[in-house]
Amino acid sequence: MTAFIAGPNGTADFSDTPLWLSVVKALFIFVYLLVSTLLVIWFERRVIGRMQQRPGPNRNGPFGLLQTLADGMKSMLKEDLKPANADSVVFTLAPLITATMCFVSFSIMPLAGDVTLFGHRTPLQLTDLPVAVLMVLAVAGVGIYGIVLAGWSSGSTYPLMGSLRATAQMVSYEIAMGLSLVSVFLYSGSMATSQIVQAQESLWHFIPACFAFFVYVVTMVGETNRLPFDLAEGEGEIVGGYFTEYSGMRFAMFFLGEYINMFTVAALATTMFLGGWQAPFGLPDNGWWGLLWFTAKLWFFMFVFVWLRGSLPRVRYDQFMRFGWKFLIPTTLLWVVAVAFYVAAKNNWFGGPILQIAGRDYSLAVLIVIGVCASLVIVASWILGDRAERRAAERLPQIPVEVDPFAGGYPVPPLPGQRLVEPGAADDAYAATKEVSRG
Amino acid sequence: MGDAAVTIGTGEQVMFWILAPIAVMASLGLVFARKAVHAALGMALTMIILGVFYIAQGADFLGVIQIFVYTGAVMMLFLFVIMLIGVDASDSLIETLKGQRWAAGLLVLGLGGILVSAVGSVTYGLSDGVAQTNTSKGNVPAMAELIFGRYVWVFEVTSALLITAALGAMVLAHRERLGKGPNQREWSRRRFEKGENLAGLPVPGVYARHNAVDTPALLPDGSISELSVSRVLSAREQTRSPLADLEAEDAIRAEIESGSER
Amino acid sequence: MSALPAFEAVAVDYWAVAPMLVVVAGALLGVLVEAFAPRESRHSAQVALTVGTLVAAFGVLVWRSVNHHSVTFGGSVAVDGPALFLQGALLVMSSVAVLVMAERFGGVGGDAFTPMGASTPGSSQEAAAAKAGYATSEVFPLTLFAVFGMMIFVSANDLITMFVGLEVLSLPLYVMTGLARRRRLLSQEAALKYFLLGAFSSAFFLFGAALIYGFAGSTDLAKIQSAIAQGTTGMDGLLVPGVLLLIIGLLFKVGAVPFHMWTPDAYQGAPTPVTGFMAACTKVAAFGAILRLVYVGVEGSRWDWRLGIAAIAILTMVVGAVLSVTQTDVKRLLAYSSIAHAGFILVGVLAFSKAAVSGVMFYLVAYGFATIAAFAIISMVRQGGSEASHLSQWAGLGKRHPVVAAVFSLLLLAFAGIPLTSGFTAKFAAFAPAVTSGGTAGVLMVIVGVLASAVTAYVYVRIIVLMYFTAAPEAGEGEEVVALMPSIGTTVAITVGVLATILLGIWPGWALDLAGRAAQFML
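Each protein sequence line maps, in turn, to chains U, F and C.
Residues 1 to 439, numbered by our numbering, are exactly what the first sequence covers, in order.
Residues 440 to 701, numbered by our numbering, are exactly what the second sequence covers, in order.
Residues 702 to 1224, numbered by our numbering, are exactly what the third sequence covers, in order.
The set of hints was computed from the structure by calculation and includes no laboratory data.
Among these hints, one or two may not hold up.
As the list claims (entries may be wrong) - Calculated cross-link-like contacts (lysine-lysine; reagent style DSBU-like; alpha-carbon spacing at most 35 Å):
| id | chain 1 | residue 1 | chain 2 | residue 2 |
| --- | --- | --- | --- | --- |
| 1 | C | Lys894 | F | Lys537 |
| 2 | F | Lys576 | U | Lys25 |
| 3 | C | Lys832 | U | Lys326 |
| 4 | C | Lys924 | F | Lys576 |
| 5 | C | Lys894 | F | Lys474 |
| 6 | F | Lys633 | C | Lys832 |
| 7 | F | Lys633 | F | Lys619 |
| 8 | F | Lys619 | C | Lys832 |
| 9 | U | Lys82 | F | Lys474 |
| 10 | U | Lys346 | F | Lys576 |
All chains should be modelled from the sequences, with the hints used to inform the complete structure.
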């Protein structure tokens, strides 16, 4: 394991990093992201193709690798249309905001630990802040402007509706996302990405913060407008959503922004929950090895994104919002409170005796907090499960035992378990069915 | 820290002289923009630049929160409301009080003059607050210490403010549904009881070169059917006349006829 | 896990802030009642809860907090004599005001409040909501939140605490202003004006606080005081503009000229019981904050800005008095009268002595009780189902409703400052220190104050003449101006107001003594 060096103010140490090296790193991140985007679009189409039992793009270049490049060329050469009603300045500004903001967040992602670059020892991370993770959220907040403005400036109804949907979705899922990250902050005692990675030296956060990890994975799909949460561009309802009126290069910028945003949320998930660039099972991760592990974890999430898209249908908008506001946010709040108690107990702020169980020290307060939380969860799941069962039972349709095959004038076969009545009693049976179905 | 904190680095100076004029222009745009969305954008840009300045001065948490909260949440809600209320809405520029604008301008100039002269006449001493705090305690812990220490009362009290805001919004804007609205069956029953529009209202017009909900249909006698467009569109005067379409149709017909004779 | 530096929590004197905690707990309970109690029982539950909370808070204040004078929460809250006196006054006055708000006149919910705030005025939905028995019982928790904010405001020892208190007290008032049952468009317009101008004044306050922070390097009033005492730091250019902006922000709330523009509109448009609450309690809170700011925080620099504020005081008295002459609406008239009263109180504030503090506090109490009762009476006088607020409708009221007219006359005489009413003793208590310790400016302000009082007295006497010596215009069946029979709550409220007016007029010694003993600020 690499020794971690903390700089002042609880961030990574950049004392041996001249300005030109930062520029080089920025350029490196830019290229890294662009190449990844080119690859991931190909990757997505190939994997989806596999899942649908067809080959996917395989003509341009080896394995069809150059397909994305060809598509990009096509986008650039296409006619650039602008609706007559559009607000021309904002119409151009919107894709620019989306395409530039998505790169910014990556500046604080630690792609690897300390490496030696042109004779300087420096962390493979453009910069670090004591509030680095908050900055990712802030930049995401600014990035939403691209979508809102795209919808508004198109001067057309479907884009406006699409952008309203997208914004409502991203703003509300950002709340749950922020809350899910809070428990990681509590565990690692810092909001700087380098420190969070360091805090996972012994145990990756996805185990102690398992619920937060689940919430984060859900919200990251919602945040990037990907299936099954791509309601902002639901073709069946609102044509293409906010970019309905866009074409050519401007559309390509939205496309680029969307994919890089996927990389950003995946990189954040890697950093926050999966130990960042650290290797599993004590494999080597010093120096440039870290980049390998980081990239592998990143692509794992990319595969999950594609997998979800290949297997899940789109959810309904109201269900999606209800899930966000009425389940994710309140439960994550409870989770944060529970974690806060746990961390406080672990730091022994409540006092109390220390017990020795199986050779390890446990503070009594920790055990009490865990016990209380576990029993609360059990009780809650018991009550809620009971209620859900009762509701499901109420929803079940009541099927009459006897059925008249000619009740509606056309012959109808009986359902399993149903008995046919004699034609003579048909009218009575019909009336009885009506009664039952009403009751 | 002493002098080190007071001297402003070259990078920071360059950044200031680039961003500050932009911030000023954006805030002027907020005041003078005709379209509400442009004004909101100006505001958002000002907020972002202020956040950048805070970060440059070492107040990382404040700067990021400034961008996160003001640009990401508050201005976003503003934009939302503007978009929901009216996409094309622009301010009415009629003065209800005569000469109000001149008077206001004069007063603003006066106040601005006084404040600028007051603030400008001050000699600022050495400031080592943020830099020293950042190295000794760290930016975020120092902030937390203030919020949960000396200002914990204020911090908790703001929750009362938020609850009030939520309650007030519900009282002023939440319209509870009183009773059930009529369903499709009842509507149809009502139509038959009244004996009007038994088959429903007429659909909008479909013409050779146009087919949209904002264009009324024509009745058999050639007159325009007002019932065929949504009354919301009529009230907003967003309907268009079908006459142009009729002319187009005539032109097509004439062309076809002349073509058949050629 | 990185080692976090040890965190030391601030010491808190819980008994000192207990009344505030009780009030906010009651407000939160009220929100829960609103969410879970069945609709029919909400009104009575809310009234009982609100009055109970306010009385309990007052009980705690008298029982424990009076022995816990302390500056707590690391210096951001000061619970000292003036704070406790004003908090107690606020609690008593607001419980009286809540009794008036609870008046139903036989209806389902509070009579003054619209059944559904979100329904379009005059729409069928509004009528349906009224028919379905809806009522805006949210006003009671909102009132408690407002009282909570006011209590914070008078005990704020830090500009940030003061600002948050200002917002907490203002926000519920903005909402409540827009909830009148009758003349709803006027009410909503009033709420919007009040909100916009209030937000504007908050901006002034914040700007001032920023400048003062620049000067003193702290928002703590004690630190500001010592920074002023230490003298020049090279930054004193910031001090006077900062102080003036802070005071302007606070003067907005009391409605001093030229920051009074919202007052007549908001007073007229708000539901009448809310107007009473607003007029009495907001004034107490805002003057409490002004007293603390100018006596504790920036007292050392008073020679630099005193004349400006004195000019505002004179302008307030003159404009309030003169414009009240031209009013034809009772609520607007009382609004202008409240502006004039704000001027009178400012005269007391500018005397800068301990006697002035007690005089101002006494004035606030005397004025507050009379105001709540006066607005309660206005809410009773009706013509054709709506409030008869036009002056001409009050003609001949003395013949038909002698008791109501008599009580209203007494309250008007108190506003005018006629001897043997609380108004006289209050004016004396506020003006006397101005003469003794206020210097030439003080004497000048008192002269203007007496002249302005004479002008307002003319206005009040004119109403009394109108009620007793002018015949009522002929009115058709059901169109007469009547005073509705009040419920017990309103009766109690008016009785308390009248008793306080008489008692403080005839036997003011004990109250002046209490105010005098409570007039010492702490740091």
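Quick rundown of the hints versus the structure:
| no. | hint | result |
| --- | --- | --- |
| 1 | Lys894(C) <-> Lys537(F) | 19 Å, holds |
| 2 | Lys576(F) <-> Lys25(U) | 29 Å, holds |
| 3 | Lys832(C) <-> Lys326(U) | 33 Å, holds |
| 4 | Lys924(C) <-> Lys576(F) | 23 Å, holds |
| 5 | Lys894(C) <-> Lys474(F) | 23 Å, holds |
| 6 | Lys633(F) <-> Lys832(C) | 27 Å, holds |
| 7 | Lys633(F) <-> Lys619(F) | 21 Å, holds |
| 8 | Lys619(F) <-> Lys832(C) | 15 Å, holds |
| 9 | Lys82(U) <-> Lys474(F) | 20 Å, holds |
| 10 | Lys346(U) <-> Lys576(F) | 23 Å, holds |
Consistency note: the structure conflicts with none of the earlier hints.
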